[in-house]
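Chain by chain, the residues:
Number of protein chains: 2
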Amino acid sequence: MEFDLIERIRGCCGSKRADVALGIGDDAAVLDVPAGRQLVACTDTLVAGVHFPEATAPGDIGWKSLAVNLSDLAAMGAEPAWALLALTLPSPDTHFVEGFAGGFAELARGHAVALVGGDTTQGPLSVTVTALGWVPTGSALTRGGAHPGDAVYVTGTLGDAAGALQLLRDRERVPQALLARLQRPRPRIAEGIALRGLASACIDVSDGLLADLRHVCATSGIAAELDSGSLPISSALAATFGAETCRELALSGGDDYELCITIPPAREAELLGAFARTRGEATRIGSIVAGSGVRVLDARGDDVTPMRAGWEHFSA
Amino acid sequence: MEFDLIERIRGCCGSKRADVALGIGDDAAVLDVPAGRQLVACTDTLVAGVHFPEATAPGDIGWKSLAVNLSDLAAMGAEPAWALLALTLPSPDTHFVEGFAGGFAELARGHAVALVGGDTTQGPLSVTVTALGWVPTGSALTRGGAHPGDAVYVTGTLGDAAGALQLLRDRERVPQALLARLQRPRPRIAEGIALRGLASACIDVSDGLLADLRHVCATSGIAAELDSGSLPISSALAATFGAETCRELALSGGDDYELCITIPPAREAELLGAFARTRGEATRIGSIVAGSGVRVLDARGDDVTPMRAGWEHFSA
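If you read the sequences in order, they're chains R and Z. My numbering applies: residue 25 is where the first sequence begins, and numbers increase by one. My numbering applies: residue 25 is where the second sequence begins, and numbers increase by one.
Bear in mind the hints are in silico, worked out from the structure with no lab data behind them. Just so you know, these numbers come straight off a predicted model, no measurement behind them. By construction, the Cβ of each residue, glycine as well, lies at the ideal position given by its N, Cα and C atoms. One should not assume that every hint holds.
[What the hints assert, rightly or not] Stretch by stretch, here's where chain R covers chain Z in the computed footprint (C-beta under 8 angstroms, at least three residues):
1) 99–106
2) 152–163
[Unchecked claim] Some chain R residues well away from chain Z (every beta-carbon gap over 10 angstroms; in silico):
3) Asp96
4) Gly134
5) Phe299
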């Protein structure tokens, strides 16, 4: 009998949705996209030893493989609906699969995401998830709309996941608040939806604030100036590292999965009001100016931009 | 500077489509599904050394990674539209990427498929493609509609790809006609679309005819009886292997990517007419009966079902 991992995962994974006409178990899924909506689609791979330490708990891998994709949907202002899962495993390891499915399902349920298809293959451990969702037609947030004079905001706090990873690599004790940010990142779905019609540009912070904001600058054809003193640092990070390291982690550390937003100044009050309703937090960290690239300025206006921009694996 | 493989692939890959509101280059793609259509979605992974020999030409890997997914869409009667590509490579190998992209693009262009997103990561070679397409609402072909009395048909010829793989493994000369079936399978898109409203059930033959037809039997709650003498064998296969080996390859060899169809007898003339218009071929190979499982009968009515059902890696 075939060891059907996807069937096993189906048993515990994801939500049931009326818009799934045909889910797992045929050659493909058949799905109903509501009228007046555009489909939003993304795919991201996590490779063992590259995107997560080999020793990561299966449930955390499951959670994170979906989270990084939902974060991309959040950055578009999209509401997630469905996911497809391609899981490559060295062997048909039931313990791994059940742990993985548990973590995946926990996040999927929290956002009413249905697992509608997938593939399991034998090979070195890696996970590719495709997430599908939608936006009202014409309302997707993009990287391309920032203008000089816009404010730059970021949700939540920065650097926590990178701080946790650094402590893990140094074999030091990792505060739980930091570890949770690395292992169970929370995609900013509600915040992304609240930003529709408000943000002029949006991106999720996955490779590091500087690296990701540079994408916004390049696509929008503008520059950004950040105030190094305004970067949102968690109390857990500040209690663990010195101020300079916190700043570096916040600027260049990856895996934050916060949203970085630009917004016309006239809309800032609406932004803060919308976030108050979604219980989200956002901090103003700088401004959009003419030019190109991202500069970080200290309180005296001196350029303190780090040389290292972000996480430098070769992945796109 | 980041070695942006997906950007490089974008340059040569796939078609431009008016229904791609936002393609590669943002956090996710934004896509317009036409009114009156259901989205059809599938994902499949190819792992080096498992799904293709390590020495396979990059262009063939690119072609096949898309082909296996388009074949799943074909089995649903879907028209393909978009694809997302997750490519994991041991190193940023420009030669590989350009070859891969060339093969992927060649097939994508042939079916007007636009590459709308992706991810490139560093790790052991594997490729996961997600294919998206659509059917008129309510017209998807499934595995679940076969009834006793239905005829069983299969498109094209069976066993060619498995024959080529066997010769490669035995380090023997491989006739070009067989090698092409292994390296550049042609998804039966036009045939799948022609089958809408005609076939009672449909599946693509990826794991082997017996294994795949068993899925139809299990989902539909019926059995199938195949006539071993009616299996469509190509002249290239017949010229290379003995009759008994041809039969085994046709029944149990994988990677055919033909469609196996069930159809009420009253609709058979329409099927053949529709296939004549799409220049497709289909061969009647058996019948649906009450019961469960698949039996293969010879001309005397003796049961000659092979013990080995299909390709037995652990993948679903």
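Here is what the structure says about each hint:
no.	hint	result
1	99–106	holds (count 4)
2	152–163	holds (count 6)
3	Asp96	violated, 4 angstroms
4	Gly134	holds, 19 angstroms
5	Phe299	holds, 19 angstroms
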